[in-house]
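Novice: Using our numbering, the first residue of the sequence shown is number 1, and each one after it goes up by one.
Simulated from the structure, these hints should not be mistaken for laboratory data.
As the structure is a prediction and not an experimental result, all values here were calculated from the model.
It is possible that part of the hints are untrue.
[Said to hold, decoys possible] Only pairs whose alpha carbons sit at most 25 Å apart, straight line, appear in this in silico DMTMM-like list of lysine to aspartate or glutamate:
hint, residue 1, residue 2
1, Lys-39, Asp-130
2, Lys-148, Asp-101
3, Lys-103, Asp-67
[What the hints assert, rightly or not] Between beta-carbon pairs, the in silico distance windows are:
hint, residue 1, residue 2, range
4, Asn-126, Asp-67, 18 to 28 Å
5, Ala-129, Lys-103, 16 to 26 Å
6, Ser-55, Glu-92, 21 to 31 Å
7, Thr-40, Asp-67, 32 to 42 Å
A virtual CB, placed ideally from N, CA and C, is assigned to each residue, including glycine.
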Amino acid sequence: MEGYVLVRSPLAIQIPNDATLIIYGQALVIALGKPKNAKTFGDFSNVFVQSVLQSGARYSRIGILFDRYNKESIQGGTRKRRRGVPIRRNIESRHVPLPQDWKAILSNPENKAYLSRFLSEELIRNAPADKTIVVAGGIEEETDATCKCS
């Protein structure tokens, strides 16, 4: 077929037993959006964890990387100028209700940090025994990583 490129789907590709899937956590959060039936951050984390585990079903290791934004960076200053008055939400438990305006929550770097930490903890807590899950960027110290090893 002239002008076409053959692209293999991931299911058609053989994956070695020691392969690792890397997932950009914030991109997955944005791709999932606010699930219709999710009422709390716990409900959202269930959808997030299920998505990660389904995506990594054929891999022995899954790595999830979250962004962290330094307030003093040039990028942090640009973000501050771009947004209006963001809603600030600390996620203290699975029972905290999801906000009506999901995008407003995600526009605040502090909220992203709270959400990243919460989702990282949920991933590690719900990691199956046969998987190695490594999470970076979503921990209290932004340069740390945590692992639930099989």
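Novice: Against each hint, give a clear statement of whether it holds in the structure.
Specialist: A quick look at each hint next to the structure:
1. The straight-line distance between the Cα atoms of Lys-39 and Asp-130 is roughly 30 Å, outside the 25 Å bound, and the hint therefore fails.
2. At roughly 33 Å between alpha-carbon atoms, Lys-148 and Asp-101 are farther apart than 25 Å, so this suggested pair is violated.
3. Between Lys-103 and Asp-67 the CA atoms are separated by roughly 17 Å; this keeps the pair inside 25 Å, and the hint holds.
4. For Asn-126 paired with Asp-67, a C-beta distance near 22 Å keeps the hint of 18 to 28 Å intact.
5. A beta carbon spacing of about 37 Å between Ala-129 and Lys-103 contradicts the range 16 to 26 Å that was offered as a hint.
6. The hinted window of 21 to 31 Å between Ser-55 and Glu-92 holds, with their beta carbons roughly 28 Å apart.
7. About 24 Å separates the C-beta atoms of Thr-40 and Asp-67, a value inconsistent with the hinted range of 32 to 42 Å.
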